[in-house]
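S.K.: Given the coordinates of chain F, assemble chain L onto it according to the supplied hints.
Protein sequence lines, in the order shown, are assigned to chains F and L. Residues in the first sequence are numbered consecutively from 69, following the numbering used here. Residues in the second sequence are numbered consecutively from 69, following the numbering used here.
Keep in mind the hints are simulated off the structure, nothing from the lab. Since the structure is predicted, the reported quantities are computational estimates derived from the model, not experimental observations. Ideal placement from N, C-alpha and C gives every residue a C-beta, glycine not left out. Careful, some of the hints might be misleading.
[Claimed, not checked] The following label-pair restraints were derived from C-beta to C-beta distances:
(1) Asp326(F) / Ile372(L): 42 to 52 angstroms
(2) Lys336(L) / Met169(F): 47 to 57 angstroms
(3) Thr401(L) / Gln345(F): 20 to 30 angstroms
(4) Met169(L) / Glu280(F): 29 to 39 angstroms
(5) Met169(F) / Gln140(L): 48 to 58 angstroms
(6) Pro374(L) / Phe367(F): 17 to 27 angstroms
(7) Ser383(L) / Arg112(F): 14 to 24 angstroms
(8) Ala277(F) / Leu328(L): 38 to 48 angstroms
(9) Arg82(L) / Gln382(F): 27 to 37 angstroms
Number of protein chains: 2
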Amino acid sequence: MNAQEVKNLIRGDRLTLSRILSQVESQSEAGRQALEALFPFTGRAHKIGITGAPGAGKSSLVNALTRQLRRQPDAPKVAIIAVDPTSPFSGGALLGDRVRMPDLQRDPGVFIRSMATRGALGGLAAATEAFSQVFDAAGYDIILIETVGAGQAEVEVVNLAHTTIVVDTPGTGDDIQAIKAGILEIADILVINKADRPGADQSVRYLQAMLEMGYARSGTAGHHASETVNSVAAEKPAEPWLPPVLKTIAIESQGIEDLLGAIQAHRKFLLESGTWQVKERQALQKAIQRAIAQNLMDFWEAKITPELFEATLQSVVERKLSPESAAQYLLQTIQGL
Amino acid sequence: MNAQEVKNLIRGDRLTLSRILSQVESQSEAGRQALEALFPFTGRAHKIGITGAPGAGKSSLVNALTRQLRRQPDAPKVAIIAVDPTSPFSGGALLGDRVRMPDLQRDPGVFIRSMATRGALGGLAAATEAFSQVFDAAGYDIILIETVGAGQAEVEVVNLAHTTIVVDTPGTGDDIQAIKAGILEIADILVINKADRPGADQSVRYLQAMLEMGYARSGTAGHHASETVNSVAAEKPAEPWLPPVLKTIAIESQGIEDLLGAIQAHRKFLLESGTWQVKERQALQKAIQRAIAQNLMDFWEAKITPELFEATLQSVVERKLSPESAAQYLLQTIQGL
Numbered sequence: 069m070n071a072q073e074v075k076n077l078i079r080g081d082r083l084t085l086s087r088i089l090s091q092v093e094s095q096s097e098a099g100r101q102a103l104e105a106l107f108p109f110t111g112r113a114h115k116i117g118i119t120g121a122p123g124a125g126k127s128s129l130v131n132a133l134t135r136q137l138r139r140q141p142d143a144p145k146v147a148i149i150a151v152d153p154t155s156p157f158s159g160g161a162l163l164g165d166r167v168r169m170p171d172l173q174r175d176p177g178v179f180i181r182s183m184a185t186r187g188a189l190g191g192l193a194a195a196t197e198a199f200s201q202v203f204d205a206a207g208y209d210i211i212l213i214e215t216v217g218a219g220q221a222e223v224e225v226v227n228l229a230h231t232t233i234v235v236d237t238p239g240t241g242d243d244i245q246a247i248k249a250g251i252l253e254i255a256d257i258l259v260i261n262k263a264d265r266p267g268a269d270q271s272v273r274y275l276q277a278m279l280e281m282g283y284a285r286s287g288t289a290g291h292h293a294s295e296t297v298n299s300v301a302a303e304k305p306a307e308p309w310l311p312p313v314l315k316t317i318a319i320e321s322q323g324i325e326d327l328l329g330a331i332q333a334h335r336k337f338l339l340e341s342g343t344w345q346v347k348e349r350q351a352l353q354k355a356i357q358r359a360i361a362q363n364l365m366d367f368w369e370a371k372i373t374p375e376l377f378e379a380t381l382q383s384v385v386e387r388k389l390s391p392e393s394a395a396q397y398l399l400q401t402i403q404g405l
Numbered sequence: 069m070n071a072q073e074v075k076n077l078i079r080g081d082r083l084t085l086s087r088i089l090s091q092v093e094s095q096s097e098a099g100r101q102a103l104e105a106l107f108p109f110t111g112r113a114h115k116i117g118i119t120g121a122p123g124a125g126k127s128s129l130v131n132a133l134t135r136q137l138r139r140q141p142d143a144p145k146v147a148i149i150a151v152d153p154t155s156p157f158s159g160g161a162l163l164g165d166r167v168r169m170p171d172l173q174r175d176p177g178v179f180i181r182s183m184a185t186r187g188a189l190g191g192l193a194a195a196t197e198a199f200s201q202v203f204d205a206a207g208y209d210i211i212l213i214e215t216v217g218a219g220q221a222e223v224e225v226v227n228l229a230h231t232t233i234v235v236d237t238p239g240t241g242d243d244i245q246a247i248k249a250g251i252l253e254i255a256d257i258l259v260i261n262k263a264d265r266p267g268a269d270q271s272v273r274y275l276q277a278m279l280e281m282g283y284a285r286s287g288t289a290g291h292h293a294s295e296t297v298n299s300v301a302a303e304k305p306a307e308p309w310l311p312p313v314l315k316t317i318a319i320e321s322q323g324i325e326d327l328l329g330a331i332q333a334h335r336k337f338l339l340e341s342g343t344w345q346v347k348e349r350q351a352l353q354k355a356i357q358r359a360i361a362q363n364l365m366d367f368w369e370a371k372i373t374p375e376l377f378e379a380t381l382q383s384v385v386e387r388k389l390s391p392e393s394a395a396q397y398l399l400q401t402i403q404g405l
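One chain only, chain F, in its complex shape (with noise of 0.2 angstroms):
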């Protein structure tokens, strides 16, 4: 990526900023070169990552939220990345896609770009990173980091987020489940969304109740975003945040303005308290540990030999040897650690 290029992107073309998401993608040469152009042009753009399981309404609420977005007095540029498990069948990003709305396609302040990444663990959450690096560079105000269901991969990518939004949907019993599920201490707000549906307001009240329960339980914040301001930059108590629940009928677009209220709330919270600078913080020295273990598994592939690994491999296969052995003996062999 050369100067002209990284002016270009900054400048706002839309075709550079493919490219370069195409190459960071595909984790070329190219691509990593183009994050160490962008790195100084990051670190300001608010990253709000939206997840909850399939079938809440995800991707409508992001439409909705996006169009009230880009209905403000100062129109922030708006970046939506949805981040798909990687399926045979639609290639992931396809049914993602489709319900995109075109009049959102066609508005020169948004960028929408699926993502269906498979491969080494982690490789969801470096990706995101990534994309949102670019984005940040590019000018994007906010990024809107859409993740379906809420394993463990997801709630990596989540934590890239300043502000995390989950989205359930009006429910009777199943409700025990989602909270089995631990998203609830990953939400910074929480959406009812199809409020229009039988127990809304019961959900509602319920999550509510969870999430006092769990506040007193903690004694200050039952939120980890409050924890981690106590913890590492424990110079005042933080003002904690507990997580107000809305409801919302996303393909009515009703809602959506509130939400957007809690989300410039939130906004307000993370800078005044200082997590937002916590948030960064982590988020960078966890690329600094990826990169590294990247670089140190990259070190070692390149010294082993297939044959030696395949041998080793055939004595733990034959139980000669534990996996932890055989990778005690290989890293001996190569360099006597």
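M.R.: Showing chain L alone in chain F's frame:
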């Protein structure tokens, strides 16, 4: 873990088993040594992963399947690993255990263990693998691994399994979301649970059509296991496995006999096609790689001072250095990599 303890475990002593599992879960040195001592006794158990969206009734299905297994003439010993993403509200395991049936808890041939693992990426898969090895050495014939969701971490977990069962409920329209979540391609057996609800037959037909579409598109079999066989042990084309789609009503134990039949048929397929051996080899390969990565990171962390890391991180926070450059700088500093 001394020789007497190994003997006790293999003889079926539940107290020893509990203690070893706790040692393994806490990643203590004792746990590491136990895995070393037990590894030669592993490689026999049939590992079965059960996954699907929250509310699909996975726990009920696991309960019903366990009872059915225990009623077989050979009464196989069954271990249940319930993988719960950690929640600070529930403590993760709490809710998971509540739905287990007392009759199973009393059965000396059944051992139930919940796991709520936070921590390093890959921790869930590594811990599940470690638990499986302990149960395997302790003579459990069947290991049922129940996991919530279809995120990347869950896919990692079920990748450890020989047979993966994906559970869904009758649905209309949301099915497209299930496919988005990429769960079809990991399924060896698909189950529509709560099949007394409306739409069960449509859901079955829909999933069958999707499977056959994927099957047709991939030329041979739209199925990862078969592809693996073809690419890794390609002596003769493997018989393809088209995942059956079954209906169950788990809480009434309906359809469980057919499900057990499908599991046994899949086991037979795995052994006769050579896929079983390929999966074992892949799992051990991953275990070696995980151990190598862990050893490398431990080595690195022991070498670098907190002061050096903090100073480097500060340069990254100030955008003077990118995370990649920071990683390379740190690695060069400690050993000239």
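S.K.: Taking the earlier hints as the rules, which of them does this structure contradict?
M.R.: When the structure is compared with the hints, none of them turns out to be violated.
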